[in-house]
Amino acid sequence: MTYKLTRMISKTFLIVIINLLYANAQEFSSETFADYLFREGEYYRAITEYFRFLHTVSDSTIRAGLLRKVGLCYFKGGDYDGYILFFENNQFNFYRDSLIYNEMNLYLGKSYYHLNRYKKAIAKLDSQQLSPPNQFFDDFLFLVGISYSRMYDWQKAIQKLQLINQGHSDIDKIRANNMILSLQNFPDLSHRSPFLAGGLSAIIPGAGYAYCHRWGTAIASFLVNGLLVWTFSDALKKEQYGLASLTGFVGIGWYVGNIKGSAKAAKKYNSRIRNDYIDNILRRENFLEYIKN
Amino acid sequence: MRSPLKPQVKNQLELYGSGDNFLLNIYQTWISPVKGGNTCPMYPACSQYAKIAFQVLPWYEAYTRSLERMLRCGNDLYMYPIIFINGQTHWYDPIIIRDSNHDLQINEDDL
Chain A
753 MTYKLTRMIS KTFLIVIINL LYANAQEFSS ETFADYLFRE GEYYRAITEY
803 FRFLHTVSDS TIRAGLLRKV GLCYFKGGDY DGYILFFENN QFNFYRDSLI
853 YNEMNLYLGK SYYHLNRYKK AIAKLDSQQL SPPNQFFDDF LFLVGISYSR
903 MYDWQKAIQK LQLINQGHSD IDKIRANNMI LSLQNFPDLS HRSPFLAGGL
953 SAIIPGAGYA YCHRWGTAIA SFLVNGLLVW TFSDALKKEQ YGLASLTGFV
1003 GIGWYVGNIK GSAKAAKKYN SRIRNDYIDN ILRRENFLEY IKN
Chain B
-17 MRSPLKPQVK NQLELYGSGD NFLLNIYQTW ISPVKGGNTC PMYPACSQYA
33 KIAFQVLPWY EAYTRSLERM LRCGNDLYMY PIIFINGQTH WYDPIIIRDS
83 NHDLQINEDD L
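Those sequence lines, one after another, are chains A and B. Using this note's numbering, read the first sequence as starting at 753 and increasing by one per residue. Using this note's numbering, read the second sequence as starting at -17 and increasing by one per residue.
It is possible that some hints are incorrect.
As the list claims (entries may be wrong) - What the simulated footprint calls covered on chain B by chain A, stretch by stretch (three residues with Cβ under 8 angstroms from a Cβ of chain A suffice, anywhere in the stretch; the number is not a length):
{"id": "1", "region": "37 to 47"}
{"id": "2", "region": "55 to 66"}
Said to hold, decoys possible - Among chain A residues calculated to face chain B with C-beta under 10 angstroms, some are:
{"id": "3", "residue": "Ala972"}
{"id": "4", "residue": "Asn977"}
{"id": "5", "residue": "Gly978"}
{"id": "6", "residue": "Gly1000"}
{"id": "7", "residue": "Val1002"}
{"id": "8", "residue": "Lys1012"}
Stated by the list, open to error - Ranges of calculated distance between the beta carbons of each label pair, as one might list FRET restraints:
{"id": "9", "chain 1": "A", "residue 1": "Asp787", "chain 2": "B", "residue 2": "Lys17", "range": "22 to 30 angstroms"}
{"id": "10", "chain 1": "B", "residue 1": "Tyr62", "chain 2": "A", "residue 2": "Gln914", "range": "31 to 39 angstroms"}
{"id": "11", "chain 1": "A", "residue 1": "Asp986", "chain 2": "B", "residue 2": "Ile78", "range": "49 to 57 angstroms"}
{"id": "12", "chain 1": "B", "residue 1": "Thr71", "chain 2": "A", "residue 2": "Ser1023", "range": "44 to 52 angstroms"}
{"id": "13", "chain 1": "A", "residue 1": "Gln914", "chain 2": "B", "residue 2": "Tyr74", "range": "34 to 42 angstroms"}
{"id": "14", "chain 1": "B", "residue 1": "Gly18", "chain 2": "A", "residue 2": "Asp940", "range": "46 to 54 angstroms"}
{"id": "15", "chain 1": "A", "residue 1": "Gln936", "chain 2": "B", "residue 2": "Thr71", "range": "19 to 27 angstroms"}
These are calculated hints, taken from the structure and not from any lab test. Computed from a predicted model, the values in this text were never measured in an experiment. A virtual CB, placed ideally from N, CA and C, is assigned to each residue, including glycine.
Same shape as in the complex, but just chain A:
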């Protein structure tokens, strides 16, 4: 009797063990398939697979790893808004002091960077207050530095980049120093004053656009404003006050638009020159791929 009972218990135990192994194998295969989709760049389908897997797992460490993968899918898929939303909703699933949490925050900063929301990127990264032993310390500093450079605050950018010192595999001190040297030339870049551009367009319509090398717009602005001023003055001379008021109303809009547009063209000229310069530095130092991934 005791022997039968022992055999029954051992059989049941064996069945339970086999079932557990089978379940684990199934989970493993699901994860592998999701990873396969991830590797193939099928990020949105991979997200579905990872979520399917998440429903079967209760272990918080595995869940955090899977949620990280989902976040990476959003990021690598180029859906930066999606990543931000996903992270904001799921950040409480990560331990605050864990490396995964730091890494997720790094991607959050990168997402804001890609969306050109540099202030937000800096605020999010600075709020983490990482200290040197952390392996993401250099990455955070680098991203904050280039965000400052995108905001044309080159002095703060240099300050941040100078703190990089760990010799991290992706961001080494030599390339960071090269960036610092290049950023020091920032003030020497070609610059157009928005105030001067607006002033030039106020004196001669279109001159501000020409100052910013927008030749087509400059000619259009000069001709349109010139014709309207001529029509307005001619109508006044001939005492055609209806036509004068009509051309005056339209003309004043075009004239003011030409001044404001010239000032904006100068700002865009400056931002284009500076962004091209920063892009060239990043390309030269092989940082573009790092920021994308």
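Fit chain B to the supplied structure of chain A, relying on the hints for placement.
Relative to chain A, chain B alone:
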């Protein structure tokens, strides 16, 4: 086949709707089709740009911006990113508004 990626350029019409302006509606419904429909190389088209401007900006700001856009229309196109809409090439020149609700994807220095 890879999943389609979400475009990073937001559609102005999605953000602000199609806008509503009596005079511009008349232009778009009755005048524009006579000259062969939307032939504006920019996106949004100048009339749509003006509609959105009048919807979200004070009239004097919208008025000057719309007229200034007509000065820029078709000129110095190298300044604008190219986008494809309904198989046609357009140059993307959205109306840029400092608006925290919509949080446009632009460099803050360009404002």
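Cross-check of the supplied hints:
1. 37 to 47: Coverage by chain A holds for the region 37 to 47 of chain B (3 residues, Cβ < 8 angstroms).
2. 55 to 66: Coverage by chain A holds here, the residue count being 4 at a Cβ distance below 8 angstroms.
3. Ala972: Given a least distance of 5 angstroms, the restraint on A/Ala972 holds.
4. Asn977: holds, 9 angstroms
5. Gly978: violated, 12 angstroms
6. Gly1000: violated, 13 angstroms
7. Val1002: holds, 8 angstroms
8. Lys1012: holds, 6 angstroms
9. A/Asp787 - B/Lys17: 22 to 30 angstroms: violated, 56 angstroms
10. B/Tyr62 - A/Gln914: 31 to 39 angstroms: For A/Gln914 against B/Tyr62, whose Cβ atoms are near 37 angstroms apart, the range 31 to 39 angstroms holds.
11. A/Asp986 - B/Ile78: 49 to 57 angstroms: violated, 37 angstroms
12. B/Thr71 - A/Ser1023: 44 to 52 angstroms: violated, 24 angstroms
13. A/Gln914 - B/Tyr74: 34 to 42 angstroms: About 38 angstroms separates the Cβ atoms of A/Gln914 and B/Tyr74, which means 34 to 42 angstroms holds.
14. B/Gly18 - A/Asp940: 46 to 54 angstroms: holds, 49 angstroms
15. A/Gln936 - B/Thr71: 19 to 27 angstroms: violated, 40 angstroms
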